[in-house]
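Colleague: Take a look at the letters that make up each chain.
Number of protein chains: 2
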Amino acid sequence: MLNELINKTDSRLEELLKPVYPEKIYEAMGYSVMAGGKRMRPVLMLLAYGAVGGSGDERILDFACALEMIHTYSLIHDDLPAMDNDDLRRGKPTCHKEFDEATAILAGDGLLTYAFEVMLRDKTQKYEPKYTRAAAEIARLSGMDGMLVGQVVDVDSEGKQIDAATLEYIHKNKTGGLIKAALMAGGIIGGADEPTIKLLESIGEDMGYAFQIKDDILDVTSTEEVLGKPILSDEKNQKVTYVSLYGLEKAQKDYLALSEAALEKTSRLGENAKELYDYIKGLIDRTK
Amino acid sequence: MLNELINKTDSRLEELLKPVYPEKIYEAMGYSVMAGGKRMRPVLMLLAYGAVGGSGDERILDFACALEMIHTYSLIHDDLPAMDNDDLRRGKPTCHKEFDEATAILAGDGLLTYAFEVMLRDKTQKYEPKYTRAAAEIARLSGMDGMLVGQVVDVDSEGKQIDAATLEYIHKNKTGGLIKAALMAGGIIGGADEPTIKLLESIGEDMGYAFQIKDDILDVTSTEEVLGKPILSDEKNQKVTYVSLYGLEKAQKDYLALSEAALEKTSRLGENAKELYDYIKGLIDRTK
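In the order they appear, the protein sequences are chains A and B. For the first sequence, the numbering used here begins at 126 and goes up steadily by one. For the second sequence, the numbering used here begins at 126 and goes up steadily by one.
I should point out that these hints are in silico values taken from the structure, not numbers from a laboratory. Owing to the predicted nature of the structure, the values given are computational and were not obtained by experimental measurement. All clues given are correct.
Since the list gives no way to pick one copy over another, a pair counts as held whenever it fits inside one copy or between any two copies.
The calculated lysine-lysine pairs, modelled on DSBU-like cross-linking and capped at a C-alpha distance of 30 Å, are: (1) Lys364 x Lys217; (2) Lys149 x Lys361; (3) Lys364 x Lys149; (4) Lys361 x Lys378; (5) Lys255 x Lys323; (6) Lys364 x Lys375; (7) Lys149 x Lys285; (8) Lys297 x Lys406; (9) Lys364 x Lys222; (10) Lys143 x Lys285; (11) Lys285 x Lys222; (12) Lys323 x Lys251; (13) Lys378 x Lys390; (14) Lys323 x Lys143; (15) Lys375 x Lys285; (16) Lys378 x Lys364; (17) Lys413 x Lys163.
Kindly generate the complete structure, drawing on both the sequences and the hints.
Modeller: Right, dumping it as structure tokens:
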């Protein structure tokens with residue numbers, strides 16, 4: 126089931142990014158989008174859609190792909206020399222290393238813009254409200270009320286002693302933005318009512334926060350072999366984390382509490398939400 | 126009349142970009158958006174809207190502002206060291222000079238994302254098709270069927286002997302994309318029928334091409350004082366231009382023919398299009 130969702134997403138992404146003139150930009154966009162990753166955001170969107178009883182929608186897959194494109198644009202730009210200056214991502218050269226900096230900037234811009242084109246175009250010319258609303262939430266949560274501002278504060282906090290409220294802001298927005306967007310858009314396109322959309326947003330909020338706390342925990346408890354990247358990097362970079370602020374014990378306790386809350390809320394969605402529940406449970410138990 | 130449209134656009138842009146936490150990103154976005162410029166794209170959108178009989182729409186101004194934000198994001202990213210590496214724009218430090226590179230990348234990303242949020246959000250929750258369609262055209266023409274791919278080919282052509290077809294592609298897409306988007310979105314939101322939307326697209330196509338040929342002409346015929354930037358820069362940068370390919374005489378002849386075509390098509394829109402006609406006529410006669 127999970128593999129099927131991932132394969133469907135991957136096939137559609139390949140179709141959407143099939144190079145046409147000017148080929149080079151499609152190649153750079155495709156290189157980064159197809160560079161691996163667990164497709165967490167598309168899967169969450171597709172499972173939330175199913176959880177609220179959605180089925181047979183022709184455009185939900187395009188929305189899932191659009192969200193993955195937005196996620197990938199953020200990785201490409203974060204890796205740039207002026208930002209994190211990373212040469213490798215998932216063991217492969219980053220976009221600006223494989224191509225060049227100008228191409229990486231444009232590939233990021235292209236993915237972000239194309240994501241909105243893919244979400245908004247409608248060959249039936251009906252432009253049904255549910256799609257527009259889903260795209261509106263994705264715009265908000267990718268930008269000025271989510272991912273982008275989380276990243277802004279994160280970049281600005283580098284090497285600074287930030288307080289707990291600032292760390293919470295970064296954690297909830299930077300990763301939480303797109304996780305919330307995935308769940309809400311899936312619910313909206315699946316025809317969920319307002320209380321259910323709110324519930325999905327709240328699940329996303331818990332999950333996004335928990336996800337980042339887990340990252341902080343793994344950085345001090347995992348090994349380089351398991352994680353596939355250097356451990357203790359936060360300490361090395363003098364980065365304030367949930368663990369450095371509160372200690373490992375409280376971090377683990379709070380992580381579990383947030384995860385339990387997300388699962389309890391997911392169970393309230395009813396029997397169609399079983400796959401979403403299992404998927405979130407799997408994310409909680411992740412070791413990398 | 127023209128000043129009123131510009132002032133209305135400027136006031137709304139100030140409102141939309143009023144700094145809230147994290148202030149720094151709003152300041153960087155606002156710095157570049159409010160750094161001057163003739164607001165050509167918003168004005169074209171508002172005049173096209175009026176030309177098809179539109180009036181009283183509460184959201185047209187937000188669309189005009191969104192288009193200006195998209196235009197500004199493209200300038201911020203084009204100015205980056207990895208792209209054109211420009212320190213000044215309109216006599217002021219470029220965004221990455223005034224702030225820093227990371228902030229400039231994020232300010233560009235922020236403006237692009239926020240533009241879509243501004244276009245898509247709807248406090249009435251009606252999400253009427255005309256707005257979605259206008260936003261869809263803007264996404265397409267800012268991206269993979271307009272500005273972005275024009276810029277990709279332009280960057281890729283630097284220092285190369287490109288052919289006439291490639292130059293036409295750059296000219297028509299890089300600037301033409303947003304000009305077409307401005308006119309089409311104005312028409313769509315103003316309630317234009319399909320043939321009129323097509324006509325507006327065609328006017329935009331002529332204008333965008335003419336606009337770029339004029340840039341090439343001014344680079345060899347104007348003075349640094351009038352233009353406010355160095356002349357003969359294309360020759361210095363060994364850039365293939367319409368003038369270098371076809372000579373000054375044919376460039377001027379073709380420029381006039383395209384401009385006449387745009388004006389003739391605009392006159393077909395009827396009496397409501399008088400202001401749009403006059404504005405396009407003014408752009409044709411521009412000396413800088």
